[in-house]
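Enquirer: Residue-level listing of the chains:
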Amino acid sequence: MRFKDVFSIIGPSMVGPSSSHTAGAVRIGLVAHQLFGAIPERAEILFYGSFAATYQGHGTDIAIVSGLLGFATDDRRIPDALAVAEESGMEVIFGHGKGLFSHPNTVKLVLETTVPEPRKLLLIGTSIGGGNIEIVDVDEFTVKISGNYPTLIILHEDKPGVIADVTSLLDSEGINIGHMSVDRKGRSGEALTVLELDSLLPGSLITALGSIDHVQRITTIDLNSV
Amino acid sequence: MNFRTLAELGVLCSERGLSIGKLMLEEQSAESGRSQQDEFSKMAAYYEVMKEAVQRGLHENTTSRSGLTGLDAQRVVAHRQQQEACLGEHASNAMAYALAVSEVNASMGRIIATPTAGSCGIIPGVFVSSQERFGWDDEHLVHGLFAAGAIGYVIANNSFVSGAEGGCQAEVGSAIGMAAGALVELRGGTPAQAIHAVGLALKNTLGLICDPVGGLVEIPCIVRNGFGAVSALAAADMALAGVRSVIPSDEVIQVMLEVGSAMPEIHRETAGGGLATTPTGRQIMQELREN
Chain A
1 MRFKDVFSII GPSMVGPSSS HTAGAVRIGL VAHQLFGAIP ERAEILFYGS
51 FAATYQGHGT DIAIVSGLLG FATDDRRIPD ALAVAEESGM EVIFGHGKGL
101 FSHPNTVKLV LETTVPEPRK LLLIGTSIGG GNIEIVDVDE FTVKISGNYP
151 TLIILHEDKP GVIADVTSLL DSEGINIGHM SVDRKGRSGE ALTVLELDSL
201 LPGSLITALG SIDHVQRITT IDLNSV
Chain B
1 MNFRTLAELG VLCSERGLSI GKLMLEEQSA ESGRSQQDEF SKMAAYYEVM
51 KEAVQRGLHE NTTSRSGLTG LDAQRVVAHR QQQEACLGEH ASNAMAYALA
101 VSEVNASMGR IIATPTAGSC GIIPGVFVSS QERFGWDDEH LVHGLFAAGA
151 IGYVIANNSF VSGAEGGCQA EVGSAIGMAA GALVELRGGT PAQAIHAVGL
201 ALKNTLGLIC DPVGGLVEIP CIVRNGFGAV SALAAADMAL AGVRSVIPSD
251 EVIQVMLEVG SAMPEIHRET AGGGLATTPT GRQIMQELRE N
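First to last, the sequence lines map onto chains A and B. For the first sequence, UniProt numbering assigns the number 1 to the initial residue and increments by one for each residue that follows. For the second sequence, UniProt numbering assigns the number 1 to the initial residue and increments by one for each residue that follows.
It should be emphasised that the hints constitute simulated quantities derived from the structure, not laboratory data. A couple of the hints might just be wrong.
Cβ-to-Cβ under 10 Å is the rule here; a few derived chain A residues that face chain B [said to hold, decoys possible]: (1) VAL6; (2) GLY11; (3) SER50.
Some chain A residues close to chain B (C-beta under 7 Å, calculated; not the full set) [what the hints assert, rightly or not]: (4) MET1; (5) ARG2; (6) ILE9; (7) ILE10; (8) MET14; (9) PRO17; (10) SER19; (11) GLY129; (12) GLY130; (13) GLY131.
Please read these numbers as outputs of a predicted model, since none were measured by experiment. Glycine is no exception: its CB is placed at the ideal position from the N, C-alpha and C atoms.
All chains, please: the whole structure from these sequences, using the hints.
Expert: Structure (structure tokens):
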């Protein structure tokens with residue numbers, strides 16, 4: 001079933017005008033905000049397809065920036081997001097993406113910062129209707145993140161047993177996995193495992209997951225907490 | 001959820017002796033793992049936003065960012081106050097409230113997507129005007145939203161609810177079906193009557209294209225929300241009177257899928273056809289580009 005519950009039909013609470021071009025765009029920005037863990041110094045926002053054709057009229061531009069600032073879909077500051085971004089020291093560059101894209105409503109984000117050390121995040125998200133989204137790429141790993149559930153994202157080395165260690169730790173806390181995907185750059189290279197969970201993770205468990213051998217970085221996404 | 005179709009939903013309601021709204025609340029709680037109280041509170045908060053949007057649309061400046069639309073809800077109210085509305089007072093109110101919410105949406109105000117932002121006026125238009133008219137408490141209306149959600153859940157999973165996928169029949173049409181079915185239940189109709197209302201309502205929007213001028217959620221989206229609220233009232237009345245959807249509502253949903261899938265790309269929210277490419281539609285698009 002594409003739509004899982006009543007609130008994917010009634011809702012979200014949002015600032016207009018379009019659930020796919022505006023609310024969905026805020027949620028894509030929010031995922032990027034949570035993954036990046038900070039407001040970026042520079043955000044390059046490339047629109048594809050229908051997003052590219054009508055982003056100004058629908059406020060898709062300010063919606064993405066709102067998400068990057070950590071605003072919820074119904075934050076009243078959304079219309080002023082570009083000014084808030086400037087005050088926050090975020091440089092924003094909009095453009096039209098070139099090449100193939102996965103869905104008529106697609107955006108590619110490249111976020112960068114230099115503090116405390118230089119880092120970059122690349123994320124591609126699609127807005128699939130009614131405010132529902134799918135993140136399809138994180139740092140050139142193929143993923144599938146809906147944002148509807150607490151989500152655990154684990155960057156690790158592609159070694160046998162890492163995923164078993166992760167799932168057994170979740171099992172020990174009674175946490176159920178609703179969806180899971182793994183992608184790797186190559187055999188024994190970097191891998192990214194994404195788990196959509198039925199419940200929130202306690203902080204102690206995140207620490208424990210972080211100390212598993214070959215795990216390099218853990219991030220979490222929880223749009224319901226915004 | 002333990003149902004995929006409206007027929008299954010009706011069977012579950014009669015097995016458990018519950019209204020569609022109360023059944024959906026139970027199902028939602030089971031799906032999310034949160035308490036019924038938590039789920040009810042979330043929906044109640046959404047209903048507050050709907051009521052607030054109606055009031056903003058009736059009293060504040062709703063001129064959209066493009067400048068193309070705004071203040072039509074207030075025109076309808078003023079007209080009704082000056083002379084008797086053709087629709088009569090109550091249907092005129094439902095229409096005005098639906099326009100109000102849709103205009104708040106176009107002017108970057110806060111709304112609830114029901115099921116989408118482009119169709120956000122219809123359910124609040126029907127619900128808030130009916131609440132005033134019949135004196136229902138908020139709790140009754142919140143159960144009604146769960147009923148609307150159950151109907152939308154079936155439509156969305158068996159067909160579509162966005163104009164980009166299935167034309168405006170999917171977007172405005174789904175909202176009308178949801179509002180009609182929920183209103184039947186709010187008025188004390190049976191689940192079977194509510195389900196007939198969905199089929200009756202959807203039949204009347206089959207084939208409706210999505211052709212927004214300039215690609216914006218304004219022309220003709222806002223007025224279609226106004227018309228939609230009135231259609232929902234009509235469908236609810238027919239069902240409450242005992243009119244049946246002779247073609248079962250689940251089969252009507254399948255027809256919507258068939259028609260929407262056959263619809264050319266230019267008539268599915270691309271602004272490549274329909275009203276968007278009339279001489280005036282093209283001129284507006286040109287002006288938007290230049291600004």
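Enquirer: All the hints need checking, so say for each whether the structure fits it.
Expert: For each hint, the structure was consulted:
Interface hint status for VAL6(A): upheld, as the beta-carbon distance to the closest one in chain B is roughly 4 Å, under 10 Å. Checking GLY11(A) against chain B: minimum C-beta separation of about 6 Å stays under 10 Å; hint holds. Satisfaction of the interface hint for SER50(A) is found here, the shortest Cβ-Cβ separation to chain B being roughly 7 Å, below the 10 Å cut-off. For MET1(A), the interface hint holds, since its Cβ comes within 7 Å of a Cβ in chain B; the closest pair sits about 5 Å apart.
Annotation: ARG2(A) was flagged as interfacial toward chain B, and the flag holds, the nearest CB pair being 6 Å apart, inside 7 Å. Annotation: interface hint on ILE9(A) holds; nearest CB of chain B at approximately 4 Å, less than 7 Å. The beta carbon of ILE10(A) comes within 5 Å of a beta carbon in chain B, closer than 7 Å, and the hint placing it at the interface holds. Proximity of MET14(A) to chain B holds as hinted, the smallest CB-CB distance being about 6 Å (cut-off 7 Å).
The interface hint given for PRO17(A) holds, since its Cβ lies 4 Å from the closest Cβ of chain B, which is under the 7 Å cut-off. Evaluation of the SER19(A) hint against chain B yields a held restraint, the C-beta minimum of about 4 Å falling below 7 Å. For GLY129(A), the shortest C-beta to C-beta distance to chain B is roughly 4 Å, which falls under 7 Å, so the interface hint holds. Given hint, GLY130(A) at the interface with chain B, holds; its Cβ is 5 Å from that chain's nearest Cβ, closer than 7 Å.
Checking GLY131(A) against chain B by beta carbon gives a least distance of about 5 Å; that is within 7 Å, so the hint holds.
Comparing the model with each earlier hint shows no violations; every hint is respected.
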